[in-house]
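Visitor: Sequence:
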Amino acid sequence: MTALTEPAEAETDPDAAARPGLIRELLLVAGLFLVYKLGRQLATGHTLRAFHNAHRVWDLERSLHLPHETAVQSALLHSDTLVHVANTYYATVHFPATLAFLVWLYLRRPAHYVWARRVLAVVTAAALVLPFTFPLAPPRMLAGTGLVDTARIYGPSVYGPPAHDHLSNQFAAMPSLHFGWALMVAIGLITATRSRWRWLWLLHPLLTLLVIVGTANHYWLDALAATAMLGVALALLRPPHRTTTAAGRGTGRIVPRQRVLAGAAR
30 MTALTEPAEA
40 ETDPDAAARP
50 GLIRELLLVA
60 GLFLVYKLGR
70 QLATGHTLRA
80 FHNAHRVWDL
90 ERSLHLPHET
100 AVQSALLHSD
110 TLVHVANTYY
120 ATVHFPATLA
130 FLVWLYLRRP
140 AHYVWARRVL
150 AVVTAAALVL
160 PFTFPLAPPR
170 MLAGTGLVDT
180 ARIYGPSVYG
190 PPAHDHLSNQ
200 FAAMPSLHFG
210 WALMVAIGLI
220 TATRSRWRWL
230 WLLHPLLTLL
240 VIVGTANHYW
250 LDALAATAML
260 GVALALLRPP
270 HRTTTAAGRG
280 TGRIVPRQRV
290 LAGAAR
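Quick note on this note's numbering: the sequence shown kicks off at 30 and runs consecutively.
Just so you know, the hints here were simulated from the structure itself, not pulled from any lab data. Do not rely on the hints blindly, as some may be mistaken.
Unchecked claim - Each pair of labels, with its calculated beta carbon distance range:
(1) 110 / 235: 14 to 22 Å
(2) 100 / 53: 40 to 48 Å
(3) 56 / 81: 35 to 43 Å
(4) 55 / 227: 25 to 33 Å
(5) 225 / 77: 46 to 54 Å
(6) 232 / 89: 26 to 34 Å
(7) 50 / 100: 46 to 54 Å
(8) 62 / 84: 29 to 37 Å
Because the structure is a prediction, the values reported are computed rather than measured. Don't be surprised by glycine CBs; every beta carbon is placed ideally from N, CA and C.
Taking the hints into account, I'd like the entire structure generated from these sequences.
Guide: This is the structure we're talking about:
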């Protein structure tokens, strides 16, 4: 039986078969989050190395003539409201935005969901390894830079004193998963949609970059390291193909890569 004579319902929703089970995905995402938190905690310590590396990163940025982080922070400090908004963005947008991105893909673009989840898992796993080999104190802790800890002064803050903070590793500034995840959210939505406005999603990583630097939580090089890791992951894990069918020509349906190959072999 050819594709032209098969029942129409077989062609109605090719993405449906790509949608993994909900319970399995909830457990998987929750497990990945727990591994992320545990990995950050296991990499704690190495305080002297973290500050030594921080001075090396700061000096390298100056030798590369990258913009001073102080310039971004000075712009925020012109307004108490602006710096408070930046601190709030840093504290509250990171996880919810990524979760909303995955939920939307799961419901509307299942094949892209599987791809995006894999990319995020690879980037996060790679990011957990770096603090073991290159612990890094954030710029807010580095004396002599002119930077201040905006979250501690203006609030809200997600970190306590480093010696008593058992929920996070504050000496794991590189890479910046805040920026890496935000960039993946933008790339994923641009890839999965066809709206003429989809490129505006790049504002999310741009705002995230200004926030993480302006609040002195990350260096420019932290974002560059995250971008490099994401680039490698995207090169290894390609997004699903967009294709058309005889029954739905021009609809631009999304199908997994392996289904395209199977269809071509018939």
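Visitor: Would you list, in rising numerical order, the hints stated earlier that this structure does not obey?
Guide: Violated hints: none at all, because every hint is consistent with the structure.
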